[in-house]
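Peer 1: Here is how the chains run, residue by residue.
There are 2 protein chains.
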Amino acid sequence: MDEKIRSGCPVSLGLDIFGDRWTLLIIRDLMFSGKRHYREMLGSEEHISTNILADRLKMLLDEGIVVKTEDPSHKQKAIYSLTEKGIDLLPILMQISSWSYKYRPVDEAYVDNAAPYEQGGDWDDLMTELRKVHLRPGDAPTVSNGPSNT
Amino acid sequence: MDEKIRSGCPVSLGLDIFGDRWTLLIIRDLMFSGKRHYREMLGSEEHISTNILADRLKMLLDEGIVVKTEDPSHKQKAIYSLTEKGIDLLPILMQISSWSYKYRPVDEAYVDNAAPYEQGGDWDDLMTELRKVHLRPGDAPTVSNGPSNT
Numbered sequence: 001m002d003e004k005i006r007s008g009c010p011v012s013l014g015l016d017i018f019g020d021r022w023t024l025l026i027i028r029d030l031m032f033s034g035k036r037h038y039r040e041m042l043g044s045e046e047h048i049s050t051n052i053l054a055d056r057l058k059m060l061l062d063e064g065i066v067v068k069t070e071d072p073s074h075k076q077k078a079i080y081s082l083t084e085k086g087i088d089l090l091p092i093l094m095q096i097s098s099w100s101y102k103y104r105p106v107d108e109a110y111v112d113n114a115a116p117y118e119q120g121g122d123w124d125d126l127m128t129e130l131r132k133v134h135l136r137p138g139d140a141p142t143v144s145n146g147p148s149n150t
Numbered sequence: 151m152d153e154k155i156r157s158g159c160p161v162s163l164g165l166d167i168f169g170d171r172w173t174l175l176i177i178r179d180l181m182f183s184g185k186r187h188y189r190e191m192l193g194s195e196e197h198i199s200t201n202i203l204a205d206r207l208k209m210l211l212d213e214g215i216v217v218k219t220e221d222p223s224h225k226q227k228a229i230y231s232l233t234e235k236g237i238d239l240l241p242i243l244m245q246i247s248s249w250s251y252k253y254r255p256v257d258e259a260y261v262d263n264a265a266p267y268e269q270g271g272d273w274d275d276l277m278t279e280l281r282k283v284h285l286r287p288g289d290a291p292t293v294s295n296g297p298s299n300t
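The listed protein sequences correspond, in order, to chains A and R.
Just so you know, the first sequence maps onto residues 1 to 150 in the numbering used here.
Just so you know, the second sequence maps onto residues 151 to 300 in the numbering used here.
Here chain A stands alone, though its shape is the one from the complex (with noise of 0.2 Å):
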């Protein structure tokens, strides 16, 4: 499942699964703009590419981080969804957040929605939200990887 571990550093073994540009991009999709579909990842304001968006959600899949399952409103689209793992990945981005707000020029846009970053506080309450949308009826909070129909 994994190309390449370089090491067993905690750190290391992160990065080398959302160690690049785009894969924390297509979470921040399913977290927090509730982009389900590929082609809403596709028109995301930073166009990445079809190739890299297909190879990084294949990866997200093998890795139990995301499950696609078949749309219940459009039989032919597949929806995506996050499972505990990927949720986990919530402090990540909001720590680095955290760190934009301080020292990069986040567009106005983004400030207003800034509190839950700035303070570090209310994860909790958003990782529950994310459970109530992302994982199905019936899967355990600690389900690593889920079953795909499509």
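Just to be clear, a hint being listed does not mean it is correct.
[Stated by the list, open to error] DSS-like mimics (lysine-lysine), calculated; alpha carbons at most 30 Å apart, straight line: (1) R:154 x A:35; (2) A:85 x A:4; (3) A:77 x A:132; (4) A:4 x R:225.
Since the hints were made in silico from the structure, they are not lab data.
Given chain A's structure and the hints, the job is docking chain R onto it.
Peer 2: Same frame as chain A, but now just chain R:
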């Protein structure tokens, strides 16, 4: 300074700088391994290549995340130090580690040191310690870049 800003999103703006497999490993070396010289970082177990290490160190200097000074004990050698902006990356490394301890095959050698990562606890103490080691006397704690004399 920023080669390419993809959007004003704080997650994206962070990844524009350190969204790769290597940059945060250099920060890790400076933070936790006491590696302050180029040759020491080159010797880390992930086997970073000379051109990637040189490229990333230059970027980190340009961004004011790291400063380079003359090593007082070896006038020929440069010593790298974290700035406050660099020390503020610690919570990101901690959260990456915390996720890896839960989901990745972390080497036993790291598990003994896992307490602060896992508890998400003593970051303030660690950051205070890093400031003592890396920020030069007289530097304000909010310094974002410093003079380089080599």
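Peer 1: Which of the numbered hints are not met once you compare them with the structure shown?
Peer 2: Structure breaks hint 4 only.
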